[in-house]
Amino acid sequence: MNTLLSLTDNLQTFWHYTGFANAEAGHFIMILFGLVFIYLAITKEYEPLLLIPIGFGILVGNIPFNEAANLQVGIYEEGSVLNILYQGVVKGWYPPLIFLGIGAMTDFSALIANPKLILIGAAAQFGIFGAYIIALQMGFAPNEAGAIGIIGGADGPTAIFTTSKLAPHLLGAVAISAYSYMALVPVIQPPFMRLLTTKKERLIKMKIPRVVSQTEKVLFPIMGLLLTAFLVPSGLPLLGMLFFGNLLKESGVTRRLAETARGPLIDTITILLGFTVGASTQATTFLRMESIKVFAIGALSFVIATCTGILFVKIFNLILPKEKKINPLIGNAGVSAVPDAARISQTLGLEYDPSNYLLMHAMGPNVAGVIGSAVAAGILLGFLY
Amino acid sequence: MTPTVQTTLLIAGIGIVGIFIFMVLFYLMIIALDKYLPYQEEKPAEVYLSETEETEEEEIA
Chain A
0 MNTLLSLTDN LQTFWHYTGF ANAEAGHFIM ILFGLVFIYL AITKEYEPLL
50 LIPIGFGILV GNIPFNEAAN LQVGIYEEGS VLNILYQGVV KGWYPPLIFL
100 GIGAMTDFSA LIANPKLILI GAAAQFGIFG AYIIALQMGF APNEAGAIGI
150 IGGADGPTAI FTTSKLAPHL LGAVAISAYS YMALVPVIQP PFMRLLTTKK
200 ERLIKMKIPR VVSQTEKVLF PIMGLLLTAF LVPSGLPLLG MLFFGNLLKE
250 SGVTRRLAET ARGPLIDTIT ILLGFTVGAS TQATTFLRME SIKVFAIGAL
300 SFVIATCTGI LFVKIFNLIL PKEKKINPLI GNAGVSAVPD AARISQTLGL
350 EYDPSNYLLM HAMGPNVAGV IGSAVAAGIL LGFLY
Chain B
0 MTPTVQTTLL IAGIGIVGIF IFMVLFYLMI IALDKYLPYQ EEKPAEVYLS
50 ETEETEEEEI A
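These protein sequence lines map, in sequence, to chains A and B. Reminder that position 240 of the first sequence reads as 239 in numbering that gives the first Met the number 0, one-by-one numbering, no gaps. Reminder that position 36 of the second sequence reads as 35 in numbering that gives the first Met the number 0, one-by-one numbering, no gaps.
Take these hints with a grain of salt, some might be off.
[To be verified] If we take Cβ atoms under 10 Å as the criterion, some of the chain A residues that face chain B in the derived model are:
no., residue
1, Leu84
2, Ile111
3, Gly148
4, Ile378
Hint data in this document are derived by calculation from the structure and do not stem from the laboratory. The beta carbon of each residue, even a glycine, is placed where N, CA and C say it ideally should be.
Using the sequences and the hints, build the whole thing.
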């Protein structure tokens, strides 16, 4: 009889440790979110390199467990494996490493060949400051509004870096929002691109860009770094690494380092970043009204960035000579979702004229957007940190 | 207009103007690069060799 009672006690204790006994409705909602991310990544191929790690991270982060038992498995439990991996997000050292890889894979030739395109990358940053104003009006504190606003830059690492400094408690919501909308760029941008352009504008053919010398390519990251360091020192961790990676690529003598930065290193960090950001969305901390507001403002910021980029090109065209006019379909590429935003310009351009290839032109504002959003982050950090 | 709104607009204004100033400086930097270090088409090896020989002959003469 005693043995039977002891067995029942043990079974009861075991039951209290299981996920079933600790599950709440929120856990299942978040697990559903994770499954949707994985579904979108596999079937629609929306940013699979990000959505698979994030989606699976959401599943891992929302497995219910007995928190009182001190099992040290949760991402917010100090000393747990997940918590140690999450430090790269919290302390903000994953994003600069991602920027190193981005720099090593980015060709700035399109921008150097047609430098006026850099201004489109500046215009699209209205999305960041528009969202910042909206967030403040919706009752967020200035530092929180700054973190939410940066979603408009369409740059996951920049959003994570800025939020980890300004509002760490919003990290999960901001990161998930930024990456979700980046994945949905092919869905969000085209309707506004069609709405804001005339058929005549969509048919504008741009001049083939000039050839860029190797010396220019090598000097660009060095001079870019110096300009950044002196003007916006707070943007240095991101832009410094971006230009460093680019110099590794363009110098021609550090091929192995460049290949590591744009290959194994960026892949490793992407896995760790995506997975831990996903795991940080525990239902108890994520499912709040605040997160829904962040998502709503994030969507608005993407729309504002897309529209201001296109409208800027239209206004710019008023002062440009006929042979130098810019196709406004590349205005959307001012956001830094590289290269998806540029690909959308190309796809829409080809839809209206099968001989109008816009990709190389759109890459100019696209890489300018990377620089622009990092500068915007630096400015916000300078004011609000 | 409340002080919060004023501060918000000030930061947003400085931010967007700051980005444009930064980008214009970047633009000028690229223009300077193009002006002082323009692209020069690489000469085929034969042309380079013949030019070098000519220079050497001139120097000997």
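When the nearest CB of chain B is found for leucine 84(A), is that gap smaller than 10 Å?
33 Å, violated
Let's test the interface hint: is any C-beta of chain B closer than 10 Å to that of glycine 148(A)?
9 Å, holds
Take the shortest C-beta to C-beta distance between isoleucine 378(A) and chain B; is it under 10 Å?
5 Å, holds
Go through the hint on isoleucine 111(A) and say holds or violated, using the shortest Cβ distance to chain B against 10 Å.
5 Å, holds
In terms of the numbered hints stated before, the structure departs from hint 1 and from no other.
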